[in-house]
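Novice: What follows is each chain in one-letter form.
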Amino acid sequence: SQQGEEDPQALSIQEGENATMNCSYKTSINNLQWYRQNSGRGLVHLILIRSNEREKHSGRLRVTLDTSKKSSSLLITASRAADTASYFCATDNYGQNFVFGPGTRLSVLP
Amino acid sequence: GAGVSQTPSNKVTEKGKYVELRCDPISGHTALYWYRQSLGQGPEFLIYFQGTGAADDSGLPNDRFFAVRPEGSVSTLKIQRTERGDSAVYLCASSLMTGGNQPQHFGDGTRLSIL
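Which chain is which? The protein sequence lines are A and B, in order. Sequential numbering from 1 applies to the first sequence in the working numbering. Sequential numbering from 1 applies to the second sequence in the working numbering.
Since the hints were derived computationally from the structure, they do not count as laboratory data. Keep in mind that the hints are not guaranteed to be accurate.
So, partial list: chain B residues that the calculated Cβ filter (under 8 Å) puts toward chain A [stated by the list, open to error]: (1) Leu39; (2) Pro43; (3) Thr76; (4) Ser87; (5) Gly100; (6) Pro103; (7) Phe106; (8) Gly107; (9) Asp108; (10) Gly109.
Some residues of chain B that are not near chain A, with every Cβ distance over 10 Å (derived) [to be verified]: (11) Lys11; (12) Arg22; (13) Phe45; (14) Asn62; (15) Lys78; (16) Glu83; (17) Gly99; (18) Asn101.
By construction, the Cβ of each residue, glycine as well, lies at the ideal position given by its N, Cα and C atoms.
For reference, chain B alone in the conformation it holds in the complex (with noise of 0.2 Å):
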C-alpha cells in the first residue's frame, strides 16, 4: 500500500518568506508526526498530532511554527518569516496510534534551503 507521501520533496527559498510542507500520512494511521533533521544528526521532534488535534507542540522551536490537520488525515507545517537556520530536512511520520510501541513509518522527507 501508500506509503507516507511528503511535498515538495525540496524547497528553495528566500530568507523571511513563508512556507508551507505537506504531509498525506498512511491511511487510518491515527497519529501524525513532525520532525526537523540536521546533517549528520538524528530527526528532532517538533509536535504530534492525536486525530485532529496537537498532543504535543513542545518542540517547535518558536511561533514562527504551526502546524495544522483539520480533517486527521493531511497535516502542514507552515513556517513565517524563514530563516537561514531553519533550512534542514523536513520529515513526517505516522503510526496507526500514539505510543512507544508503536513503529513509526516516515516519509522521504522535504528538503528545506533558506537562501
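The following block holds chain A by itself, in its conformation from the complex (with noise of 0.2 Å):
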C-alpha cells in the first residue's frame, strides 16, 4: 500500500488564488519531496524537506512537514495556469526506495 495520500484528490482554483495540498504518511521518515507532473510527461522534483525542518521555500512554493502529525502541507502562491498539474509526495521510508501517493490533481482556471 502507498505510504503517502494527498488530499484533496482534486482541487480548482481560479488564476492567483493560492493553492494547498496536503500529503500524510503512515511510518517514520528521512525525507519528504513534492513532485509535480504535467500530462503526459515525467515527473519533476519541486522540494525537499528533511525531518528535521518544519518549513522551507523556493520561490512561490512553501512546503512544510509535521511529524508528530505524520503529514506535510504544499502551497502554491499566486497561481498560474501553467501550476496546472499534477502533485505528489514522496517519502524514503528510512529506505532507499521512494513511496509516492496517489496525487492531487490541481486545476488553475485563467
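Quick one: dock chain against chain with the hints and give me the complex.
Specialist: Structural data, given as C-alpha cells:
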C-alpha cells in the first residue's frame, strides 16, 4: 500500500489564488519530497524537506512538515495556469526506495 | 544537459509477447529507479539500481518482470508473457546517488498497452 496520501484528490482554483495540498504518511521518514507531473510527462522535483525541518520555501512554493502528525503541506501562492498539473509527495521511509502518494490534480483556471 | 531518456515512448503489443523498455539516465548518475504508473495513480516502485547491481527489487510484481543495468548506465526493464494488467506507463528516474535526500530526475515514460 502507498505510504503517502494526498488531499484533496482534485482542486480547482482561479488564477492568482493560493493552492494548498496536503500529504499524510504512515511511518517515520528521513525526508519528504514534492513532485509535479504535467499530463503525459515525467515527474519534476519541486522541493525536499528533511525530517528535522519544519518549513521550506522555494519561489512561490512553501512546504511544511509536521512529523508528530505525519503530515506535510504544499502551498503554491499566486497560482498561474501553468501550475495546472498533478502534485505528488514521496517519502523515503528510512530506506533507499521512495513511496509516492496518489497525487492531487490541480486545475488553475485563467 | 540531456535528461533521462526512455524508449520507446509508446509500445503496443499482444498478450503473451515479450517487451523490453529502455532507460538512458543522466550521465554520472549512479542510482536508477523504475516505477509503474496507472491512470490517476502515483508511481509505484518496482526496482532500483546502485551502479550495476539491483539494490532493491522488492517492487517487482512477479518473476515475469526483470531489469538489468550491465554497465551501470543504461537499464532495460524486461517483461515476459505480458498480460493485459501490465498496461501502464513505466517511468524511469535517476539520481546522483541513492538516498532519500536525493532528488530524482524522471524520463517521460513508456506507455505500454497490452491488447
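Novice: Evaluate each hint against the coordinates.
Specialist: Comparing the hints with the structure gives:
1. Leu39: violated (11 Å)
2. Pro43: holds (5 Å)
3. Thr76: violated (18 Å)
4. Ser87: violated (16 Å)
5. Gly100: With Cβ-Cβ at 3 Å, under 8 Å, it holds.
6. Pro103: Holds, about 4 Å.
7. Phe106: holds (3 Å)
8. Gly107: At 5 Å from the nearest chain A Cβ, B/Gly107 passes the 8 Å test, so the hint holds.
9. Asp108: holds (5 Å)
10. Gly109: B/Gly109 check passes; min Cβ-Cβ to chain A is 6 Å, inside 8 Å.
11. Lys11: holds (15 Å)
12. Arg22: holds (15 Å)
13. Phe45: violated (5 Å)
14. Asn62: Holds: least Cβ distance 18 Å, greater than 10 Å.
15. Lys78: It holds; B/Lys78 is separated from chain A by about 20 Å at its closest Cβ, greater than 10 Å.
16. Glu83: Check passes; 22 Å lies beyond 10 Å.
17. Gly99: Not fine: 7 Å to the nearest Cβ puts B/Gly99 too close to chain A.
18. Asn101: violated (5 Å)
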